[in-house]
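Could you build all of it, start to finish, from the sequences and the hints given here?
Protein chains: 2
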Amino acid sequence: MKRVKSALSEAAERVENTLESLLPAGDAPEARLFEAMRYATLGGGKRLRPFLVLASAELFNVNRASALRIAAAIEFVHCYSLVHDDLPAMDDDDMRRGRPTVHRQYDDATAVLAGDALLTLAFEILADEATHPDPKVRCELVTALAAAAGAHGMVGGQMFDLLAESMELDIGAITRLQRLKTGQLIAFACEAGAILGKAPAPLRQALRAYAHDLGLAFQIADDLLDAEGTEAEVGKKVGKDAAAGKATFISVLGTERAREQADLLARQAVLHLDLFEKKADLLCDVARFVVERRA
Amino acid sequence: MKRVKSALSEAAERVENTLESLLPAGDAPEARLFEAMRYATLGGGKRLRPFLVLASAELFNVNRASALRIAAAIEFVHCYSLVHDDLPAMDDDDMRRGRPTVHRQYDDATAVLAGDALLTLAFEILADEATHPDPKVRCELVTALAAAAGAHGMVGGQMFDLLAESMELDIGAITRLQRLKTGQLIAFACEAGAILGKAPAPLRQALRAYAHDLGLAFQIADDLLDAEGTEAEVGKKVGKDAAAGKATFISVLGTERAREQADLLARQAVLHLDLFEKKADLLCDVARFVVERRA
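Residue numbers (the working numbering), protein chains in the order written: chain A, 1 to 295; chain B, 1 to 295.
Don't take every hint at face value.
Remember, identical chains collapse to one label, so a pair may be satisfied in a single copy or spanning two.
[Stated by the list, open to error] Below are the SDA-like pairs computed for lysine to any residue, each with C-alpha atoms no more than 20 Å apart in a straight line:
{"no.": "1", "residue 1": "198", "residue 2": "129"}
{"no.": "2", "residue 1": "246", "residue 2": "29"}
{"no.": "3", "residue 1": "246", "residue 2": "32"}
{"no.": "4", "residue 1": "246", "residue 2": "230"}
{"no.": "5", "residue 1": "198", "residue 2": "135"}
{"no.": "6", "residue 1": "198", "residue 2": "128"}
{"no.": "7", "residue 1": "136", "residue 2": "198"}
{"no.": "8", "residue 1": "198", "residue 2": "134"}
{"no.": "9", "residue 1": "2", "residue 2": "292"}
{"no.": "10", "residue 1": "278", "residue 2": "88"}
{"no.": "11", "residue 1": "278", "residue 2": "169"}
{"no.": "12", "residue 1": "198", "residue 2": "10"}
Since the hints were derived computationally from the structure, they do not count as laboratory data.
Below you can see the structure in the form of structure tokens.
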């Protein structure tokens, strides 16, 4: 656990600098937008997705600067999704990472626009020559991110999640929902290293399988924190799912079995990385970390 | 005028089919998202931006199917921006193209997500091999679209526009605002044909200059319609700018001089196309059309 924590915080620091350097700044009349984009993205978060990009890129000895740009792009997409999901029209959250959400700090309009601009910026970064000399690789990254983040991925998952409040979901439906809402972007984070490294299909597939199990384990752990953690620990309001009568892994499986399921998924995730042998030790540790974390 | 109108409606029909084929469909639990995306994009609009893509692509004998894909991608971005701008938190509009806006027909959350998914889809289309065989061209398209649509383009312009309600703007500031908010995407529509056709820099530059003047002329004509048209003619609420005390070309220049300015810009736009000789006749006609239209 200690090794993962220090690897995570080391990655977070490097990513923070990259985010900073890629964000717009300046004193244009519309500078409020730039400020909101910075507020939404800097100075917080576990940076799990960026970490996964860096760790998977290392498997293929990918140029570190390239990996950092992709890590930043994915984090921008993750942050945009949080900004929009927190809006009053959606999950209506006031706190995030221990501080007011973007629409509480600024206003709803600025939050919508900051999210839009962050999403756009992510694609701009991926398509830029600085990300990889081969334009075919860059196109592949754009395609994979768009697929993970769009109507058949994250945005579709958020729509499903909103509608799910008035649906009876079984475990299969909840799994599908989470796979769309959080799993696909996590899968892209793990696959991005393989795309950058032009990795052969079986290795790429192994990383996707790992990411799939990791993403679900992560989500179940999140649900457990929402059910059992305190606002001070987690940095956002807890107990919301139960209050909204929302079907989650916990409501369907119960706390005990949900925890078992998360552990099982974490172990399963690790097995997919056999092909990489010792090289993937850090990714294996992360799988255990996500189910054991307390925030 | 007749020639432009029939060229516009011919292009609109072809684009409609392309939009249709690229939009998600099906009966997933999150199908409401797909429906809202279709509602937001199909069956309406002048399709000016798609038309500009097709007309500029024709200057370079570009493959028609490629041009149609780009035209669709730009229209998706345009439509996403309308969906978000119409939200209660932004311009709070109930009608668009003669029917309820997306958040009125569905709800605010669905409108936010439909916009997000349309933006994402646009980038997915551009990066796809079907758009152009050369990945370098595809990356260039992604980069140019992201620049035109992001914090230093359309989204920045919308932020500026919202803030402008409490600012005194002179003609230079209004011009800059409109250049960001609508001009950059129109410029990309005109430039896209040149990118697809790998056109030499001077021709590309000429198209950008044309688009710049055209975009401003278009915006002034829009302001005039808002000031003088009826809701039945225009398909959305009119007189909003004056009611909000918003600085527009009309409020600063007056109706008479604004109309003169639009005419001047349309004539100027045409001059930039001299290089193309007869081949650009249709684009020249469009410049006149945008300042003479009544809706």
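We went through each hint and held it up to the structure:
Taking the shortest alpha-carbon separations for residue 198 and residue 129, both the intra-copy value of 16 Å and the inter-copy value of 18 Å come in at or below 20 Å. Proximity of residue 246 to residue 29 under the C-alpha cut-off of 20 Å is restricted to the inter-copy arrangement: shortest distance 15 Å between copies versus 42 Å within a copy. For the identical chains of this complex, residue 246 and residue 32 are inter-copy neighbours only, at 19 Å across copies versus 35 Å inside a copy, given an alpha-carbon limit of 20 Å. In the homo-oligomer, the alpha carbons of residue 246 and residue 230 lie at most 20 Å apart inside one protomer (19 Å), although the nearest pairing across protomers, at 46 Å, exceeds that limit.
Within a single copy, residue 198 and residue 135 get their C-alpha atoms as close as 13 Å, and across copies as close as 16 Å, so both meet the 20 Å cut-off. Taking the shortest alpha-carbon separations for residue 198 and residue 128, both the intra-copy value of 18 Å and the inter-copy value of 18 Å come in at or below 20 Å. Taking identical chains as interchangeable, the C-alpha atoms of residue 136 and residue 198 lie at most 20 Å apart whether they share a chain (10 Å) or sit on different chains (17 Å). Within a single copy, residue 198 and residue 134 get their C-alpha atoms as close as 10 Å, and across copies as close as 18 Å, so both meet the 20 Å cut-off.
For the identical chains of this complex, residue 2 and residue 292 are intra-copy neighbours only, at 12 Å inside a copy versus 69 Å across copies, given an alpha-carbon limit of 20 Å. In the homo-oligomer, the alpha carbons of residue 278 and residue 88 never lie at most 20 Å apart, since the shortest distance is 46 Å inside one protomer and 54 Å across protomers. In the homo-oligomer, the alpha carbons of residue 278 and residue 169 never lie at most 20 Å apart, since the shortest distance is 40 Å inside one protomer and 63 Å across protomers. In this homomeric assembly, residue 198 and residue 10 never come within 20 Å of each other (Cα to Cα): the closest approach is 26 Å inside a single copy and 43 Å across copies.
This entry does not satisfy hints 10, 11, 12, going by the numbered hints stated previously.
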